[in-house]
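Here is how the chains run, residue by residue.
Number of protein chains: 2
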Amino acid sequence: MKALIFDLDGTLVDSVYAHTLAWQRVLAGFGLPSPACVIHRRIGLSGELLVKAVAREHHRSLRMADVKQLEKKHKALLHKLAPVSPPLPGAKEILAHLHKARIPHGIATSGKRSELKRSMDALALSPSAVVIDGDMVSEVKPEPEIFLLCQQQLQVEAAQCLVVGDAVWDVHAARRAGILSVGLLTGGTSAQELYNAGAMRVFRDAAELLSEIDELGVKGGGPGG
Amino acid sequence: MKALIFDLDGTLVDSVYAHTLAWQRVLAGFGLPSPACVIHRRIGLSGELLVKAVAREHHRSLRMADVKQLEKKHKALLHKLAPVSPPLPGAKEILAHLHKARIPHGIATSGKRSELKRSMDALALSPSAVVIDGDMVSEVKPEPEIFLLCQQQLQVEAAQCLVVGDAVWDVHAARRAGILSVGLLTGGTSAQELYNAGAMRVFRDAAELLSEIDELGVKGGGPGG
Numbered sequence: 001m002k003a004l005i006f007d008l009d010g011t012l013v014d015s016v017y018a019h020t021l022a023w024q025r026v027l028a029g030f031g032l033p034s035p036a037c038v039i040h041r042r043i044g045l046s047g048e049l050l051v052k053a054v055a056r057e058h059h060r061s062l063r064m065a066d067v068k069q070l071e072k073k074h075k076a077l078l079h080k081l082a083p084v085s086p087p088l089p090g091a092k093e094i095l096a097h098l099h100k101a102r103i104p105h106g107i108a109t110s111g112k113r114s115e116l117k118r119s120m121d122a123l124a125l126s127p128s129a130v131v132i133d134g135d136m137v138s139e140v141k142p143e144p145e146i147f148l149l150c151q152q153q154l155q156v157e158a159a160q161c162l163v164v165g166d167a168v169w170d171v172h173a174a175r176r177a178g179i180l181s182v183g184l185l186t187g188g189t190s191a192q193e194l195y196n197a198g199a200m201r202v203f204r205d206a207a208e209l210l211s212e213i214d215e216l217g218v219k220g221g222g223p224g225g
Numbered sequence: 001m002k003a004l005i006f007d008l009d010g011t012l013v014d015s016v017y018a019h020t021l022a023w024q025r026v027l028a029g030f031g032l033p034s035p036a037c038v039i040h041r042r043i044g045l046s047g048e049l050l051v052k053a054v055a056r057e058h059h060r061s062l063r064m065a066d067v068k069q070l071e072k073k074h075k076a077l078l079h080k081l082a083p084v085s086p087p088l089p090g091a092k093e094i095l096a097h098l099h100k101a102r103i104p105h106g107i108a109t110s111g112k113r114s115e116l117k118r119s120m121d122a123l124a125l126s127p128s129a130v131v132i133d134g135d136m137v138s139e140v141k142p143e144p145e146i147f148l149l150c151q152q153q154l155q156v157e158a159a160q161c162l163v164v165g166d167a168v169w170d171v172h173a174a175r176r177a178g179i180l181s182v183g184l185l186t187g188g189t190s191a192q193e194l195y196n197a198g199a200m201r202v203f204r205d206a207a208e209l210l211s212e213i214d215e216l217g218v219k220g221g222g223p224g225g
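Sequences listed follow chains R and W, in order. For the first sequence, my numbering assigns the number 1 to the initial residue and increments by one for each residue that follows. For the second sequence, my numbering assigns the number 1 to the initial residue and increments by one for each residue that follows.
Treat the hints as calculated values from the structure; they're not laboratory data. Just to be clear, a hint being listed does not mean it is correct.
As the list makes no split between identical chains, a pair holds if one copy fits it or if it spans any two.
Calculated pairs, DSSO-like style, for lysine-lysine (alpha carbon to alpha carbon, straight line, at most 30 Å) [said to hold, decoys possible]:
hint	residue 1	residue 2
1	Lys117	Lys80
2	Lys219	Lys100
3	Lys52	Lys92
4	Lys72	Lys92
5	Lys75	Lys100
6	Lys68	Lys52
7	Lys72	Lys100
Excised from the complex, chain R in its bound form (with noise of 0.2 Å):
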């Protein structure tokens, strides 16, 4: 393993559950109320496929014009609801650890550019970090695109690439893409739901990871690493 792609919501902070009780609210407001743990379990897709998801079971189909409302609906609900996206445990440790070892690194997350900074902020994020957001593919998880993109940019073959995820739908897009990947409880997605989709790994968080990194093969990139 030569490169780490990282998830952002879930895995490197603490937002799934402000996103659901966010989308939850959003969605019920416009006629579409649907339990959080359906609303969990979808975070980490599109806004524009967890909605039509949720509409699919009420029977209902959207407009796009309804899904762009409902999106914008929910970033200003979500940053009233969690004004702060705080790092999980070992989430900035692993960044800073991997900067400092040359071993090329990245984030891939659905989000759009827009909801990205107070995350970035959070995580203090070197500059020279890739990151992949939702405005530069055409589609998102669990389609493949977002981590074959990352994967480019940081000129390293998928085949030693790992992704870390905390959502079955990174796992199904970084198998979509060839990659392997390692889960993370941080979502509150079980262990067992993580290894059904096919992760090789699940750690408690991004902190217990980091402790075990050798265990993943992953080395240095840099001289001597």
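Once you've looked at the hints, dock chain W against the given chain R.
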């Protein structure tokens, strides 16, 4: 099976995610930051056990006065974050069915009596329903007391009761009480976690349970039941 005993939060009302965020914010304000996923999996325990578990991870111990103060703040923030506690799919319907079929049933929750009113209103619970809350016992889940008290008030033997819950704590408390249990996914705990804890079966929600209730051997208790 002659009687059903329901957990409340996450089983009948959709409150687990709001509880999670409220506890996270209150604990962070007390110098005990914790990932939402860690708190999520401890909803259903008493506030005291939840708070102590998080404090332990910070190598801190709390005085009982601190616990009381945190519980008070949690309750206030919960009402702010989630002014209503909507019934989960099938919750009202299964309670109405049991009432109509004269099948003894009750609710047994770790929550305090003062916190229950809005959930009871949302469920349109019949005044005859048995409700056991955290103020009525000396130890809440995962201790068995709460389920045993409910079972005694229903006047049905433990072996002929069935607990319905969404958290591993419900399943554990039921086992300690000698009562079989089934799990619901509506609290965001996965099927495998509920099966590992000892649930006999896992349903998506109370609506799915109701649609297959005859397979659980639940028979009407009244004349001709």
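Hints and how they fare:
In this assembly of identical chains, the alpha carbons of Lys117 and Lys80 lie at most 30 Å apart whether taken from the same copy (16 Å) or from different copies (27 Å). Taking the shortest alpha-carbon separations for Lys219 and Lys100, only the intra-copy value of 12 Å comes in at or below 30 Å, while the best inter-copy value is 66 Å. Taking the shortest Cα distances, Lys52 and Lys92 sit within 30 Å of each other only across copies (26 Å), while inside one copy they are farther apart (34 Å). Taking the shortest alpha-carbon separations for Lys72 and Lys92, only the intra-copy value of 29 Å comes in at or below 30 Å, while the best inter-copy value is 33 Å.
Taking the shortest Cα distances, Lys75 and Lys100 never come within 30 Å of each other, neither inside one copy (34 Å) nor across copies (44 Å). In this assembly of identical chains, Lys68 and Lys52 lie within 30 Å of each other by CA distance solely inside one copy; the values are 12 Å within and 43 Å between copies. For the identical chains of this complex, Lys72 and Lys100 are neighbours neither inside a copy (38 Å) nor across copies (45 Å), given an alpha-carbon limit of 30 Å.
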